[in-house]
Amino acid sequence: MGIFEHLLTGFAHALAGPGLLIMTAGVAWGIIGGAIPGISGAVAMALALPYTFSMDAATALIMLAGVWAGANYGGSIPAILMRMPGTPGSAAALLDGYELTRQGKAAKALGISLVCGTFGGLVSIIVLIALVVPLGNLVLAFGSPEIFALAFFGLTLIAGLSGKSMLKGLAAGAFGLLLTTVGLDTLTGSLRLTFGRRELLSGVDIISAMIGLFAVSEMFHQLAHPARRETPAVVDARTAFPTLAEFKEVWRATIVGTVVGLIVGVMPGAGATASSFVAYNEARRWSKRPELFGKGSMEGVAGPETANNAVQGGDLVPTLAIGIPGSNSAAIMLAALILHGIVPGPFLMSQHTELVFTLFAGLILVNLLMIPVGVVILRACLLALRLPPPSLVASILAIIFIGTFAADLFVLNPILALIFGVIGYGMRVTGFPPAATVLGLVLGFMVESELRRSLIISHGSWAIFVTHPISAVFLLATIGVLLYPVFLNYRRRRKTPVSPATAPAGS
Amino acid sequence: MDSAVVRKDVIAAAVLVAFGAAVVAVGLKIPLGVATDPLGPRTFPVALGAGIAICGVLLVAGMLLFRSAPAGPGLLGDMDPEDEAAADAGPFSLTRLVGPPLVTLVLYLTFKYGLRIPVPEGILAPLLSR
Chain A
257 MGIFEHLLTG
267 FAHALAGPGL
277 LIMTAGVAWG
287 IIGGAIPGIS
297 GAVAMALALP
307 YTFSMDAATA
317 LIMLAGVWAG
327 ANYGGSIPAI
337 LMRMPGTPGS
347 AAALLDGYEL
357 TRQGKAAKAL
367 GISLVCGTFG
377 GLVSIIVLIA
387 LVVPLGNLVL
397 AFGSPEIFAL
407 AFFGLTLIAG
417 LSGKSMLKGL
427 AAGAFGLLLT
437 TVGLDTLTGS
447 LRLTFGRREL
457 LSGVDIISAM
467 IGLFAVSEMF
477 HQLAHPARRE
487 TPAVVDARTA
497 FPTLAEFKEV
507 WRATIVGTVV
517 GLIVGVMPGA
527 GATASSFVAY
537 NEARRWSKRP
547 ELFGKGSMEG
557 VAGPETANNA
567 VQGGDLVPTL
577 AIGIPGSNSA
587 AIMLAALILH
597 GIVPGPFLMS
607 QHTELVFTLF
617 AGLILVNLLM
627 IPVGVVILRA
637 CLLALRLPPP
647 SLVASILAII
657 FIGTFAADLF
667 VLNPILALIF
677 GVIGYGMRVT
687 GFPPAATVLG
697 LVLGFMVESE
707 LRRSLIISHG
717 SWAIFVTHPI
727 SAVFLLATIG
737 VLLYPVFLNY
747 RRRRKTPVSP
757 ATAPAGS
Chain B
7 MDSAVVRKDV
17 IAAAVLVAFG
27 AAVVAVGLKI
37 PLGVATDPLG
47 PRTFPVALGA
57 GIAICGVLLV
67 AGMLLFRSAP
77 AGPGLLGDMD
87 PEDEAAADAG
97 PFSLTRLVGP
107 PLVTLVLYLT
117 FKYGLRIPVP
127 EGILAPLLSR
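Protein sequences appear in the order of chains A and B. Per the numbering used here, residue 257 is the first one in the first sequence, and the count goes up by one each step. Per the numbering used here, residue 7 is the first one in the second sequence, and the count goes up by one each step.
Careful, some of the hints might be misleading.
[Said to hold, decoys possible] Have a look at the derived ranges for each label pair, beta carbon to beta carbon: (1) TYR740(A) to VAL40(B): 32 to 42 Å; (2) GLU455(A) to LEU34(B): 43 to 53 Å; (3) VAL66(B) to LEU457(A): 28 to 38 Å; (4) THR265(A) to ALA31(B): 51 to 61 Å; (5) ALA31(B) to PRO741(A): 23 to 33 Å.
FYI, nobody ran anything at the bench for these hints, they're computed from the structure. Beta carbons are placed, not taken as given, at the ideal position from N, Cα and C, and that holds for glycine.
Please construct the entire structure, taking both the sequences and the accompanying hints into account.
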């Protein structure tokens, strides 16, 4: 079967049964979750993850994709109306979006964000389909040494980039890898780090750990740092779609945003935040009227919001093709696969073709659904933004604990989520990126098993990693990633006096 | 260099070293495995524990050698005066007393009777079973 036939079958599977309803629910929750400052796309997906346990793998992935896509748009609602980005990726949109609100054009700004974001998302999915299939064929040539080297490179790269300190990122990533060693060793059956606890025989529940590190720690952060939230500037906000003339004004910025979002999304470690700011700058550079940026330019909304949504497809290229998640949200998609008994990795495309194409079809559908759901759900978002933060936090914590328990009725899971929430909060306070730990949790099994398998094949000879060219290249790249910050630091100290770093750690 | 940030990093480094050493100590008790498996089940946890401890040592070494504080978020409770005032206002207000229990009750009823997901009743079990 060709790609087109696979895709048509995928559409049939995605729309079967309550598929459309589940997609709509996912997009709606994503928009509302993304609109609430502090709940990023990854947190919204983590909250929805336990509730996908009863669904089949494809439906679960499509729902999470809907939450992801919805959150990308939802974050722009408070950014435009209240000058407060709901998600990090929407920070660039507030520069001109809020100015448009002050000029009485809030509805238009929301409409441009919604329509251009949908365009960026759809194009990125088409590019994803075009890239993943040939890449999936390429990785069929990978053996255990290549898979280990690739996973190790991806982990080092992302752990190193996910915060301001590479050492802290690597330590956090190592902690995540360590957590995957808890329980029964699959190769020899030995018990590791269980401390005699029966509950740890099957290891640390990755879902509970992920929810704790992302969502519970975020709730603790919001309790510890309550911020005064302004009420929405426009109480009766609505969405107004751009006219043809307005489309002509923003088409250049939309194309720029799509290209930027795709390129940045494909790079592991760089996400929606980076892509939206790069797209904003590029849109201004390519604009016929750059002097309007910062003063209420529609291009200033179209560019970053398109990039924000185009990142989704780019993020999924390394995720689906080679099993390395490009962002926190992609890591949650992989966790959903693990939850449903599917081992993510380079052979996902070849071993679960039907699942992958159903996901492709679902991604197209959820991006299309964003427009009607986005228009209808706006009022609910404004109501959510008016909720007092303590009540919101309490409700979300309740959802988290019930969800983690309901996944498999194991009372340890909510306790684990709480423990990891405390750990995650402690990591945030001390500058360790919880995202690197989550990545270690997702990739840990692949890293260890392929390493040990490679050495079994080579009868204990480590030369197998350098005699295989692809593996050697990835390991060299890993060394480069580790040494690059040292080199940059050395060059900076030669040029300027030492000064403390002041930027906050990445999310 | 902000002394509070340095203090936090020193404590974090100490925790890393202690945690890593503990993992190595526990990991060395794991069986070696079979002859055909060169690494065995022990090597990975021990190596990771050692790696974490080394990261802690390097963190301190980097602070001493380069006199730069790796970036981190603010201290717990490090709020602006305006935010502090907002946080301190009305701990026993009607919204704070009634709101959360009401929301909890609604969620409990929704999950138990609406979605049919069993919810642990904990200390309320004797009351609810009557």
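Checked hints:
no. : hint                              : result
1   : TYR740(A) to VAL40(B): 32 to 42 Å : holds (39 Å)
2   : GLU455(A) to LEU34(B): 43 to 53 Å : violated (24 Å)
3   : VAL66(B) to LEU457(A): 28 to 38 Å : holds (37 Å)
4   : THR265(A) to ALA31(B): 51 to 61 Å : holds (54 Å)
5   : ALA31(B) to PRO741(A): 23 to 33 Å : holds (31 Å)
Taken one by one, the earlier hints fail for this structure only at number 2.
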